[in-house]
Amino acid sequence: MEQTTTLPQPAPRLALPKIDWLPLLLVPALALAALPFVGSTGTWVTLTAAGLAMGMIVFIIASGLTLIFGLMDVLNFGHGVFIALGAFIAVSVLGAMPDWTAADSLAQNLSAIGIAMVAAMLAAGVLGFAFERVLVRVVYGQHLKQILITMGGMVIGEELIKVLWGPQQIPLPLPTALRGSIWLGDAGIEKYRLAAVVVGLAVFAALVLVLNRTKLGLLIRAGVQDREMVESLGYRIRRLFIGVFIAGSALAGLGGVMWGLYQQNVIPQMGAQVNVLIFIIIIIGGLGSTGGCFLGALLVGLLANYTGFLAPKIALFSNILLMVAILLWRPQGLYPVTNR
Amino acid sequence: MIARLLSHDLPKSRVLAFILAVIVLGLAFAPFLFSGAKALNVAAKILIFIVLVASYDLLLGYTGIVSFAHTMFFGIGAYGVAIASTRMGPGWSSLLTGALGAVALSLVLSLVIGLFSLRVRAIFYAMITLAVASAFQTLASQLSEITGGEDGLSFKLPELLAPSFQLSDTPFLGASLDGRFITYYLVFACAALLFLAMLRIVNSPFGRVLQAIRENDFRAEAIGYRTVVFRTLSNVLAAVFATLAGCLLAIWLRYNGPDTSLSFEIMVDILLIVVIGGMGTMYGAICGATIFLLAQSYLQDLMALGANAVQSVPLLAAFLSPDRWLLWLGILFVLSVYFFPTGIVGKLRTWRQG
Chain B
1 MEQTTTLPQP APRLALPKID WLPLLLVPAL ALAALPFVGS TGTWVTLTAA
51 GLAMGMIVFI IASGLTLIFG LMDVLNFGHG VFIALGAFIA VSVLGAMPDW
101 TAADSLAQNL SAIGIAMVAA MLAAGVLGFA FERVLVRVVY GQHLKQILIT
151 MGGMVIGEEL IKVLWGPQQI PLPLPTALRG SIWLGDAGIE KYRLAAVVVG
201 LAVFAALVLV LNRTKLGLLI RAGVQDREMV ESLGYRIRRL FIGVFIAGSA
251 LAGLGGVMWG LYQQNVIPQM GAQVNVLIFI IIIIGGLGST GGCFLGALLV
301 GLLANYTGFL APKIALFSNI LLMVAILLWR PQGLYPVTNR
Chain L
1 MIARLLSHDL PKSRVLAFIL AVIVLGLAFA PFLFSGAKAL NVAAKILIFI
51 VLVASYDLLL GYTGIVSFAH TMFFGIGAYG VAIASTRMGP GWSSLLTGAL
101 GAVALSLVLS LVIGLFSLRV RAIFYAMITL AVASAFQTLA SQLSEITGGE
151 DGLSFKLPEL LAPSFQLSDT PFLGASLDGR FITYYLVFAC AALLFLAMLR
201 IVNSPFGRVL QAIRENDFRA EAIGYRTVVF RTLSNVLAAV FATLAGCLLA
251 IWLRYNGPDT SLSFEIMVDI LLIVVIGGMG TMYGAICGAT IFLLAQSYLQ
301 DLMALGANAV QSVPLLAAFL SPDRWLLWLG ILFVLSVYFF PTGIVGKLRT
351 WRQG
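Keeping their order, the protein sequence lines are chains B and L. First residue of the first sequence: 1, per full-length UniProt numbering; consecutive thereafter. First residue of the second sequence: 1, per full-length UniProt numbering; consecutive thereafter.
In case anyone wonders, no lab produced these hints; they're calculated from the structure. Backbone N, C-alpha and C fix where the C-beta goes; we use that ideal spot for every residue, glycine too. Don't take every hint at face value.
Partial pick of chain B residues on the chain L-facing surface, computed with a CB cut under 10 Å [what the hints assert, rightly or not]: (1) Val38; (2) Val155; (3) Lys162; (4) Leu164; (5) Val224; (6) Asp226.
Per the computed footprint, the stretches of chain B lying under chain L, defined by three or more beta-carbons under 8 Å from a beta-carbon of chain L, are [said to hold, decoys possible]: (7) 112 to 120; (8) 247 to 258; (9) 277 to 284; (10) 319 to 326.
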């Protein structure tokens with residue numbers, strides 16, 4: 001409905017916080033700072049594109065964790081299991097349709113990956129539901145026990161993956177059309193990473209839109225602020241929150257597919273390995289903040305690619321150094337979530 | 001006498017006291033009671049894990065801090081002894097130098113990590129330590145000139161502790177009096193001393209403050225204790241004791257590598273033992289470590305039998321394969337968080353009262 005100009009503006013849609021621009025400058029600052037060290041512009045463009053794409057993938061794998069924490073105040077140390085499960089589902093699904101992945105047609109390749117993604121999200125979502133019902137439900141509000149019991153869930157999950165798929169490393173090759181690079185002058189951009197950017201941006205946009213612009217998001221955020229109030233308005237907040245947990249787990253499954261294809265192989269221990277990386281990211285970004293998680297992932301991705309090129313020995317610690325530097329600057333992360 | 005030795009923190013349950021007595025006596029006379037290298041190995045590992053787990057309990061059970069960097073300090077101790085012994089040659093002075101150097105490094109590291117991150121919330125601290133520990137593990141396997149990389153370091157001990165050393169040719173009460181025998185009792189004495197020291201610490205006024213912080217850090221701060229200082233001290237103490245446990249491990253194994261002392265699996269083991277044994281009770285470390293290591297060493301044999309029996313059933317055999325024993329321990333872990341939140345020791349103590 002068109003508003004008349006004489007009426008004062010109604011209060012803006014439920015307090016969108018003012019955006020803090022300073023951390024956003026970090027990404028271009030990091031990219032520009034790396035330019036003189038890398039030297040050649042072509043290499044720099046290649047590295048930057050690769051870094052941003054890697055950032056998008058790690059954003060997908062970390063987003064579910066920060067979503068669950070931000071909305072439910074549950075820190076899931078078993079998040080890595082959902083990621084590993086997603087990757088192993090992708091192995092099975094893509095392995096079952098060799099005709100589609102080996103075909104030269106991009107459409108067939110993408111639909112194969114799409115099916116794998118849907119399957120992975122479904123499987124991770126179901127597991128997430130079980131995880132919430134069996135493990136997390138008993139320990140709401142107790143961080144210490146959450147850490148312990150989800151850690152136990154992680155151990156069990158990893159062993160179950162070994163039972164189902166075997167303990168060894170399994171290759172997960174990219175479909176034909178996504179292999180190789182596109183050349184722009186002397187800068188090469190891998191095709192798969194372009195796809196990763198698209199998926200990453202889509203996930204980010206969807207998360208921000210759902211949380212900030214829909215009634216569902218409004219209810220969830222209101223439930224975080226004052227659970228009893230929302231319940232007394234007649235909404236079943238428990239169901240909503242289980243939904244959040246399932247969504248977060250499904251995102252991890254999606255991230256697992258992306259990460260598995262990025263590494264081109266999967267091992268049962270990948271959950272534990274990835275856990276370290278995503279913890280660094282959400283610490284950098286500020287626990288529970290989707291935007292911070294996105295930014296943190298981009299920073300980690302860029303830094304990993306620059307240092308991997310310039311000084312491979314330091315690359316292993318670059319993430320930790322970045323985390324330390326950021327925590328010295330902002331002890332609660334780039335975008336602290338103030339209501340906790 | 002016994003009450004003073006145990007810092008007046010008695011088992012407070014007859015069953016528990018009996019179990020503890022059996023374990024302690026079993027460990028004290030292990031070389032005489034059990035024959036074979038494997039049994040002695042298990043006994044020595046139990047001793048080392050009692051110290052390691054008790055030091056972690058100081059942090060988790062008494063202060064309420066979740067850290068994932070505990071194996072880092074364990075590894076520093078083991079590497080300290082290993083590196084000093086390979087560099088300086090076998091000898092008591094290299095053992096001492098290695099241990100002291102390791103303790104110094106742990107002190108500094110734990111102080112830095114503690115001051116830096118204990119100001120933040122528990123969850124942050126858990127995640128930060130996880131990241132730091134994994135970085136340290138990569139560092140240890142990267143610096144292969146010093147640490148031997150993935151292969152680790154094998155080294156020799158002073159002559160008195162070497163397996164070839166013979167105190168006397170005739171066995172004494174069924175135990176051969178060789179270097180292994182002496183090493184075992186060295187480990188036993190050190191472990192007992194360290195354990196009693198930790199028991200003393202947690203039952204001191206300082207230990208009470210730690211428990212106050214665990215229960216309600218806001219109130220502890222309000223009473224006038226600087227909680228950051230106490231948490232950091234608890235962190236440093238736990239790190240030092242873990243380092244010493246690492247030294248004992250290296251002395252016993254005469255070898256150290258990333259998988260023996262630094263791996264994440266050991267961190268999971270420690271968590272399992274603390275929770276199963278009982279958080280916030282030093283005796284939980286004794287019960288937990290004994291049960292866990294006996295299970296780890298002998299349950300796998302049992303599972304192999306089971307897997308053979310059901311070989312024809314494909315999935316069931318995979319579940320019972322000895323390599324999957326961690327699955328069952330994981331389930332046990334979750335169940336104990338569920339049903340025995342206070343662990344074996346807590347359960348036994350309330351059982352008597354109730």
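Do the hints match the structure? See the list:
no., hint, in the structure
1, Val38, "violated (23 Å)"
2, Val155, "holds (4 Å)"
3, Lys162, "holds (7 Å)"
4, Leu164, "holds (8 Å)"
5, Val224, "violated (16 Å)"
6, Asp226, "violated (22 Å)"
7, 112 to 120, "violated (count 0)"
8, 247 to 258, "violated (count 0)"
9, 277 to 284, "holds (count 4)"
10, 319 to 326, "holds (count 4)"
Hints 1, 5, 6, 7 and 8 from the list above are not met by this structure, while the remaining hints are.
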